[in-house]
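Since the structure of chain A is provided, determine the placement of chain B on it from the hints.
2 protein chains.
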Amino acid sequence: MTSLTREDCAKLDAEDPLAGFRAEFALPDGVVYLDGNSLGALPKATPERVSRVVEREWGADLIASWSAAGWWDQPRTLGARIAPLVGAAPHEVVVGDSTSANLFKTLVAALRLNPDRNVVVGEAGNFPTDLYVTQGAAELMGAAERRVDPDEPALEAALASGDVAVVLLSHVDYRTGTLRDMAGLTRLAHRHGALVLWDLCHSVGALPVELGACGVDFAVGCTYKYLNAGPGAPSFTFAAERHHATARQPIAGWHGHARPFDFSGEYVPAEGASRFLSGSQSLIAAAALEASLDLWSRVDLDRLRAKSLALTDLFATLTADTGLMLMTPRAAERRGSQVSLRHPDGPAGEAIVRALAERGVIGDFRQPDVLRFGFAPLYLRHVDVYDAATALVEVVRSGGWRASRFTAPQEV
Amino acid sequence: MTSLTREDCAKLDAEDPLAGFRAEFALPDGVVYLDGNSLGALPKATPERVSRVVEREWGADLIASWSAAGWWDQPRTLGARIAPLVGAAPHEVVVGDSTSANLFKTLVAALRLNPDRNVVVGEAGNFPTDLYVTQGAAELMGAAERRVDPDEPALEAALASGDVAVVLLSHVDYRTGTLRDMAGLTRLAHRHGALVLWDLCHSVGALPVELGACGVDFAVGCTYKYLNAGPGAPSFTFAAERHHATARQPIAGWHGHARPFDFSGEYVPAEGASRFLSGSQSLIAAAALEASLDLWSRVDLDRLRAKSLALTDLFATLTADTGLMLMTPRAAERRGSQVSLRHPDGPAGEAIVRALAERGVIGDFRQPDVLRFGFAPLYLRHVDVYDAATALVEVVRSGGWRASRFTAPQEV
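These protein sequence lines are chains A and B, in that order. Numbering of the first sequence is given in numbering that gives the first Met the number 0, commencing with residue 0 and proceeding in unit increments. Numbering of the second sequence is given in numbering that gives the first Met the number 0, commencing with residue 0 and proceeding in unit increments.
Worth double-checking, as some hints may not be accurate.
Claimed, not checked - Which residues of chain A face chain B? A partial, calculated answer using Cβ under 7 Å: (1) ALA25; (2) LEU130; (3) LEU187; (4) HIS189; (5) GLY278.
Bear in mind the hints are in silico, worked out from the structure with no lab data behind them. Where is the CB? At the ideal position from N, CA and C, for every residue including glycine.
Chain A with its partners taken away, still in its complex shape (with noise of 0.2 Å):
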């Protein structure tokens, strides 16, 4: 696959059954984006989806908006929309709040029903936040945090000592890409007794997700990376059947409860996912998400990993030679839809990727030395990786990244 040139990726372009969809985003000209597993970019239908919202449901209908246009159900619509691309039953997932609220409140959940227990086990290097909510959590209902590597052998020991109420784990690594064996580890985590709560942001939209035929017992995942639904955009809870009548999360508000509108004074958890809702959410932002919903639900799973897979094994390829340190695993089944690779020095990572944006080449830095490239088949074609993947080769040889040795921007 080396020696592929770039009339073979424009012909591959010409056989994607995937590459219609690149018309309906709006990229900006010039740019190879390769921050899709960050912030994914705007579906071209989005501005005026939201504009309905905002101009006809809110500025004209107001308040007859929240039955007539279906507002106080948009969480569990939204949800059930999201179901079919991770594997899960549409009352099994509901949209909003926050991934780390969203976090917060299946740790809690699983916790509770899993009293005789009293430890939570996390990932050693997840992203921060999932570090962070486990630890607030974990202090919150008097239970210990032990952090291991998300391998089998170190999953097991920890799960040996019989103690562990829920693990947490990350589907796809944020740094490395590195895709984890769902099944299997739920499997392990369920002979030992405990729960399982995945956070899938970095796997949803981009590779097929299958809860429900791993066994998850709970999960959480993000729309603005891979499903497009702009910044800040609402994340969504998914919750197993098997747990709707017992789980009890903490955050008991009034759209979580069984029948709202009677204002009673007593909480009564709803039936379903929907006990997982606490209070109102944008509607604005709803909308936005509706809209990529809408291009997903034409998207066929099976193509798409399949075309992820093949960008990012022809992107590792083509920059095999750059003496940067490929971390993302070549094997298929361990590996996500994004390609980082590790410089020695990590201001000298840092410098290149903002050599790179200056290029066009949109990528991001993960501190200390990572430097991470997000593929997101929907609008990246063979031939924007192969002119992302030339332009990082020449970076790299030229040195021209010396020149660009200032901070870069903030990002998420």
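Then chain B, alone, in the frame of chain A:
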């Protein structure tokens, strides 16, 4: 005042120093909107601001906007702009999450600040989410919940036991429109060693709020009612400076971290009210709030209050002969910006609200028997109040509402 004519009202409008604001709102034709206490009207500047964030900051500039467009600091920037509306210092207010989530965070923080006490006192008739969140937080923290009437004698009796950690009160009662004595009740709670958390949902943007001068500990408010930031817009949290160093809220996400871009594994809470932040918030929803705060930054709150009192007084006076019972205090110092009327037959009251809506007067109905009319002084005129009151009098007298006995839509 009972003999006031429509012409008198038109004269009052001509002299109204706030009259110019009405032209800044997109109000539907032929409607008198008296539900701005539930969902505020759309400012005309909002659609363009929202479009700018969607199409330019997100669509064109993508992740660069986290720093270039001020996205990362938006919860603090917006908080600092809300601060003058509630009598707080800029670093005492942050924006994000729902009212329910913020009540939960501040209740837990208050319980932790007062660890030798384990009772939360709330209002018996508070808005359901306040009751539910209190129930949930108390259960989680092993605290007891006590519900009382929010008057001084009842509160004093509840506080006398000496075990009350925190009192949660609503500044304006959502059903009756009664305004509470924030200074007096806060003093009373403090005298008995309790902290105070105020719910400002029905007062912020309706009257001047003086959190600092009243010595309030924590407060939570809504931006989609009188502040006009759109359906489900984010809530805000006030934490008094004296609690910044020690307050610990339970959802320890990375937006509340002191140095989030270190990506450190240990949670260190940020300075100021920022420690009450958790995860990423919708920047599209934030854009709508930003647009409405541009407008609010030009509002004289004393004039707002004077007009609010004039409008509610006018409506109460003109509808005094309907036979409906006035629930809202006539005394100005005990009245928020709404008028609530009770019908002895609940379903009849609901049908009256519906019949009014058919005549273009939008109020709302709250179970079991409350007709609720909110008066947003920025976009309501005296003639609107006159027309609405006239319509109500006609509907009640003619019995025309009997034809409207169908279920009103859900409203929030």
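Checked hints:
1. ALA25: holds, 5 Å
2. LEU130: Holds. Min distance 5 Å.
3. LEU187: Violated: closest Cβ of chain B sits about 24 Å from LEU187 (chain A), beyond 7 Å.
4. HIS189: violated, 26 Å
5. GLY278: holds, 3 Å
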